[in-house]
Amino acid sequence: MNINIDNSNGVTTANLEGRLDTPASTEVAPCFEQLKEAAGGTVVLDCSKLSYISSSGLRLFLALRKETSVKGGKVIVRNISDNIRQVFMMTGFLNMFEIQ
Amino acid sequence: MYILDPHSEAIMDEYRKQRPVFRAAERAIVKRLRESLAETGILVAAVESRVKTEHSLAGKLELKGSKYKSLADITDILGIRLITFYLDDVDKVASALERLFDIDWENSVDKRRLHEVDSFGYQSLHYICRLKESRAEDEAEINMPYRFEIQMRTLLQHAWSNIYHDTGYKSGVEIPREYIRNLNRLAGMLELADEQFSRIRSELTDYRRRMQALVASGNLDDVPLDGDTFRSYLDLAPFQRLNQRIAAINQAEIQEVPLIPFLAVFKTIGCQTLGDVARIIKDYSEGAYQIACYQMGLTDLDIIASSVGPQDLCIALVLKNGGGRSGLRRLFDHLLGPSESNDMMAELLIEQSSSFPFMNQ
Chain A
3 MNINIDNSNG
13 VTTANLEGRL
23 DTPASTEVAP
33 CFEQLKEAAG
43 GTVVLDCSKL
53 SYISSSGLRL
63 FLALRKETSV
73 KGGKVIVRNI
83 SDNIRQVFMM
93 TGFLNMFEIQ
Chain B
2 MYILDPHSEA
12 IMDEYRKQRP
22 VFRAAERAIV
32 KRLRESLAET
42 GILVAAVESR
52 VKTEHSLAGK
62 LELKGSKYKS
72 LADITDILGI
82 RLITFYLDDV
92 DKVASALERL
102 FDIDWENSVD
112 KRRLHEVDSF
122 GYQSLHYICR
132 LKESRAEDEA
142 EINMPYRFEI
152 QMRTLLQHAW
162 SNIYHDTGYK
172 SGVEIPREYI
182 RNLNRLAGML
192 ELADEQFSRI
202 RSELTDYRRR
212 MQALVASGNL
222 DDVPLDGDTF
232 RSYLDLAPFQ
242 RLNQRIAAIN
252 QAEIQEVPLI
262 PFLAVFKTIG
272 CQTLGDVARI
282 IKDYSEGAYQ
292 IACYQMGLTD
302 LDIIASSVGP
312 QDLCIALVLK
322 NGGGRSGLRR
332 LFDHLLGPSE
342 SNDMMAELLI
352 EQSSSFPFMN
362 Q
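Protein sequence lines correspond, in order, to chains A and B. Reading the first sequence from the start, the letters are residues 3 to 102 in our numbering. Reading the second sequence from the start, the letters are residues 2 to 362 in our numbering.
Isolated chain B, as found in the complex (with noise of 0.2 Å):
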């Protein structure tokens, strides 16, 4: 129960009366803002919303009802959280708003920069926001002529940030000095981990450029395989030339699959680069078109899935290298999953092997 002086009752009926107003903008609002950062690319943790309660907001006004002259005055009744997975994403997503919105900057604040070079704690990005005078046709129905609180900061930051609210300042009890502190050292913990995060991505991100180039100028054999190099090497369809040559044995149209799964078995069978990958294309082609021809020169089937020619490039290789039933066995474990069934294909191909040309060679 809140004792409010008339003053305060005024702007609380006023409240009461446009919260419809800001449970509508709320919802645009928030919809809007998950179009744009998708639009930008940008990955979120999360976006969290809320319109202030009644027992909120007369707390505040209950505490310092007199700063504020009317409703508008107070810029955090619509208050909205977004929270990224790395601290640079925090600039990037201020960017967003400041193209979105009207920053109103005399009352946005950095509380990333209010720390002392000694000193850790709650770190998050405060902006006050109106809709812009001129937005977009579609955003024209929105009815918002209050301003609203945008907070961003990262997951780590959130975390730190919920804790220390629920263990100090939402008890509104004044904690020991010793936990306050050791709070504190957490922060520059998680600001040092922040950094760490955001340090990864970005020598990731250059990690897959210089490989990526490494695969566009051919120096296959400098490029390590895993799963950012195959996808990179993938993208100049490297089995296209093999796909082809087999469906034109019955003039077969060719289904596109993902061939990430070839990864695996290429390891498997020992490749450590794409040199190797792109030698195995080099060295066994034929005997996978062979295989084709021995199988699907008697049918009439004109559909294949693009996973047909690396299939057929892995078992060339495991027969002419003496692989035998069990490497077979092993091939299509890897592929398809474990399955007794797996035995019969291994079977079948040892029986058709020795009719295939490159076998005898």
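The shape of chain A in the complex, shown without the other chains (with noise of 0.2 Å):
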């Protein structure tokens, strides 16, 4: 699992890569750590090349989208599979998110 953090233009970018599983999101949480800095704009979460998210991976997702509510940002998750929209539509995840 990789995440490559880009800021531009005002906007933080995290492209996810790969299965974001139980192992994976304790690998990654320092990541989101670092995402939640940036949680006072707009945090754009491009999983084009995620191809698995479990539910401590979807944890990760929700911490940094309470994290920007409380510092007034917002989190944009970006190109999602039909797979992971699935896993957000059972979940309801798929109400919390801006989803492009």
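This list has only true hints and no planted wrong ones.
With the Cβ distance kept under 10 Å, some of the chain A side facing chain B (calculated, not the full set):
no.	residue
1	57
2	87
3	92
Since the hints were derived computationally from the structure, they do not count as laboratory data. For glycine and all other residues, C-beta sits at the position ideal for the given N, C-alpha and C.
Two chains, each in its own frame: build the complex with the hints.
Written as structure tokens, this is what we have:
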């Protein structure tokens, strides 16, 4: 699981690549902590190369969303695959994020 | 350039020395006022403040310098203005000030009461204040031996006053009587508008209370479905039981999320009263649970949002009533915003629907 973080034009974009399962969630938690520092603005989670997400991964997304709510920013989830969209739908997470 | 007598010059000298005191007091008092208004829940449109400029004070002293023995006699060196949205909030703000400061009643004036029954014009409440002798610890560092003025008025009164001053008073030139008459007619109209705004707020508050009582008493068929009533209904956690049932499938934790977006969905579905929503919960909870069971049963997902219950209820209703793919697409468009991906989810649910027991009953 790889995350590349890019800051440009006031937008922080994290490009997620691989499977965000439970072990990977622990591994990338520091990256999400780093994203929280940008929670006052727009944080884009680009999931075009994300093939799987577990509950642990959803919790990372959720914690980031809570941080942006507190700091007045927002999270945009971009380019999710049909499989991940299904996971978002069955858990009700579709209503929680701006999905593009 | 002003020509001042020696007495007025002495006041000006004192003013120059004390100006930093007024400026520090301005910051501290405005901060305290904002905190106090927030604590009492009074929403104000604006808090304005200023320390009188040297130019303005000199003009005042040139006109009536002999009226003042010292700087302490001039009560508007520090002036603060609180602008409210509603007429009755002016009195609430005044009550808050009475608790915060000592009011010099002799020099305070309620200009709202100065008008005769047949006259209209400037309306504002002016308090001359002084910091209390025994004030809270966090205010103890405010050094402000002078009195200061706080004006309170509504946004409409403020607009009228500013325009009046701009057209007549500030220019120092007498303006023709017909313009004064027109301005005063406007003052009368704005007075009526202020009263109407307050009345509308009171009636809305009354409506909300009545609806809350009806919701609490369970007379849901008598409660029209709107933003206020739906919020009151959500306070009763109507989807909690369904969400808990869905969560139990995988022993999932439930993340509470705002459910107010479902108001538009229920209205689109045709609900007119809270009773209609309650019937959907009663009639389609089993279907919603079966959808969740089918989707989550083979996963290890152990986190759900509280929106899952109402979402699956709506899906069950659309499927059971033959809404098909287009009905589901419309549902997702309302709930998530229009997107081509909504088609994919609708298609997927149509495929799954033959496996939902409630669809075959």
